[in-house]
Amino acid sequence: MIRLCVGTSLVLLCLVLVGLEVGDYPIPRFKAIATAFWNRGGEYDFVVNSLRFPRLVAALLAGFCLAASGALFQSLLGNPLVSPDVIGINTGAALCAVFVLTVGADLSVLPWAAFGGAVLTAVVIYLLAWKQGISGSRLVLVGIGINALLASGITYLMVKYPIERVVAAARWQVGSLFGSSWTDVRTLALGVIVITPVSLFLVPRLRLLQLGDESAVGLGSRVELERMAVIVVASAFAATAVAVIGPLGFVALLVPHMVRLIVGSLTGGALLLTGLVGALFLLGCDLIAQQLFAPTTLPVGVITAALGGPYFLFILVRFNRAL
Amino acid sequence: MVTLETSEVVLSYGSKRVVDDLDFVIPAGKITAIIGANGSGKSTCLRGLARVLRPVGGAVLLNGEDIHLQPTKAVAKQIGLLPQGPTAPTGVTVSDLVRRGRYPHQRLFDQWSTEDEAAVQKALFLTALNDASEEHVDHLSGGQRQRAWIAMALAQETDLMLLDEPTTHLDIAHQVEVLNLLRDLNRTEGRTVVMVLHDINQGCRYADHVVAMRDGKIVNQGSPQEVVNSQMMDEVFGLAAVVIPDPVTGTPLCVPDVVKRRPLAPGSIP
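Going down the list, the sequences are from chains A and B. Residue 99 in numbering that gives the first Met the number 0 sits at position 100 of the first sequence; the count goes up by one each step and never skips. Residue 13 in numbering that gives the first Met the number 0 sits at position 14 of the second sequence; the count goes up by one each step and never skips.
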């Protein structure tokens, strides 16, 4: 597991270095890396340190958050088709963000509104699914219902407000890393630094919950408290990413499933590896989004959806057969 | 030795009372079988003992103190539970499952100690799963899978084990295999075993103490010889049965009587 984590981190580093070099503004070979790390300033400073570098780091951190969130949700609910984008957590964040965008409020409150929306949605789903305890399948069904409800709320806002604001909201909803700043990176880093240790603390508890409530009680788990803690932490991970880059689909669904196929059931190490692979995945997708039809760039959400859709079908088929 | 007893315990699901005024002491170091018809409250009783279900009246006492007032992780070092028909998440290996049984013994730092490893290895050895330890639980046969869960409960290293119908869904050879294992654990390790059993004859063979329940109450308890007779079969199961000595072990063996068919009304078509 350690070897896999280190290996993934190294590939990640290479990809960051590649990302600094490539782009539609040509920079002589290795000049970009030099500008980013030890030779700040100079003619390439703006492109490298204000455009490319923060975007790369934002992609990396957001990918980590989304994949970790998906891993926690999928392991807790024992369902590979579950992720924060399926059960409405991302949509909750999106509704609040779209509200901020369409009413034309100060954009600096947007990440906080989105974060609040995601966590609030998680709490509402949990409360609605409560019936002398929580069953995984009921939670998923309630989540899907809430997701539809929130989506209709977004549609309402989109038709109600003037077109120029709606365009910004629509673009935000696809999920994009365009214009990521060091402020965004700070927000994401704060989330990762705070939530990751808590999630690692919860992993052994989650592993008990996976055995069913009765077994978990028998092993000394405070089932409801710990399940709620896992849901809140998983939502917080998703919320952190969504708050900054928008409700990006499929990363949280696809990456945890892929990693689980390789390393098996969730452990602390597997959670970290999932996060790292998520970082790698989103970073890779963003580079593709920028390069594929250069000089036209696509929002990264288009690429994750294009890759994630078929994979989703693959899981569905597999899930029906063997899993 | 851990003692577990109930004092006027009332258990209910919602407003439906399932177990009423339950008063009994689990004999330490013995195998106890709880028997009764479907819906007699025997599984509910076990869930109450295992603190899965909180009594609405009375208390379950662990070492003389209310089990719900003790830290649940501390209780988990003393009582293990194997629920009915447990399911492992897909893709979990036997050793991964068994390792989870060590949770109550683990602390925040110092996550995996040599005692943990030793307990896991011992549990795998006792259940004869050493060779299958890297196999996926969902790929095992029913008997092996049940043994894997028992191994998990064993790794917990509790003096007392509660098992809810550990032999359901197993064929007869696997049933015997699981019950033999539990008896060996009781005899060699001195662990107290409490299990809910459907098969009354197996209960008689393996248990030192039999508790017969009906309508949420204990009808009778004692050694199999004291408890199991044709009168009890009628009272608890509503079944006419002949009780003879088991030809192998000498314990009571229930043989249901031929159910007498009601005479057909004259003229009706059979």
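Everything labelled a hint here was simulated from the structure, so no lab data went into it. Cβ atoms here follow ideal geometry from the backbone N, Cα and C, with glycine treated the same way. One or more hints might be untrue.
Listed next, with one range per pair, are the computed distances between beta-carbon atoms [what the hints assert, rightly or not]: (1) Leu126(A) x Glu114(B): 48 to 56 Å; (2) Val316(A) x Met0(B): 37 to 45 Å; (3) Thr86(B) x Ser8(A): 50 to 58 Å; (4) Phe200(A) x Gly221(B): 42 to 50 Å.
Covered stretches of chain A, going by a simulated chain B footprint (3 or more residues, C-beta under 8 Å) [said to hold, decoys possible]: (5) 206 to 220; (6) 293 to 301.
On the chain A side, residues computed to face chain B include the following (Cβ under 10 Å) [said to hold, decoys possible]: (7) Gly77; (8) Pro79; (9) Ser134; (10) Phe200; (11) Pro309.
Consistency of the hints with the structure:
1. Evaluation of the 48 to 56 Å hint for Leu126(A) and Glu114(B) yields a failure: the beta carbon distance comes to about 41 Å.
2. A C-beta distance of roughly 54 Å is found between Val316(A) and Met0(B), which places it outside the suggested range of 37 to 45 Å.
3. For Thr86(B) paired with Ser8(A), a C-beta distance near 35 Å fails the hint of 50 to 58 Å.
4. Checked against the given bound of 42 to 50 Å, the beta carbons of Phe200(A) and Gly221(B), roughly 48 Å apart, stay inside it.
5. A count of 13 residues in the stretch 206 to 220 of chain A with a Cβ less than 8 Å from any Cβ of chain B is obtained; the coverage claim is therefore met, three being the minimum.
6. Chain B is given as covering the stretch 293 to 301 of chain A, and this is violated because 0 residues of the stretch bring a CB closer than 8 Å to a CB of that chain, at least three being needed.
7. Nearest Cβ of chain B to the Cβ of Gly77(A): about 5 Å, under the 10 Å cut. The hint holds.
8. With its C-beta approaching chain B no nearer than about 8 Å, Pro79(A) sits inside the 10 Å limit, and its interface hint holds.
9. A least Cβ separation of about 13 Å between Ser134(A) and chain B goes past the 10 Å threshold, and the interface hint is therefore violated.
10. Hint on Phe200(A) holds. Least Cβ distance to chain B is approximately 8 Å, under the 10 Å limit.
11. Evaluation of the Pro309(A) hint against chain B yields a violated restraint, the C-beta minimum of about 22 Å exceeding 10 Å.
Figure legend: structure checked against the earlier numbered hints; hints not met, in rising order: 1, 2, 3, 6, 9 and 11.
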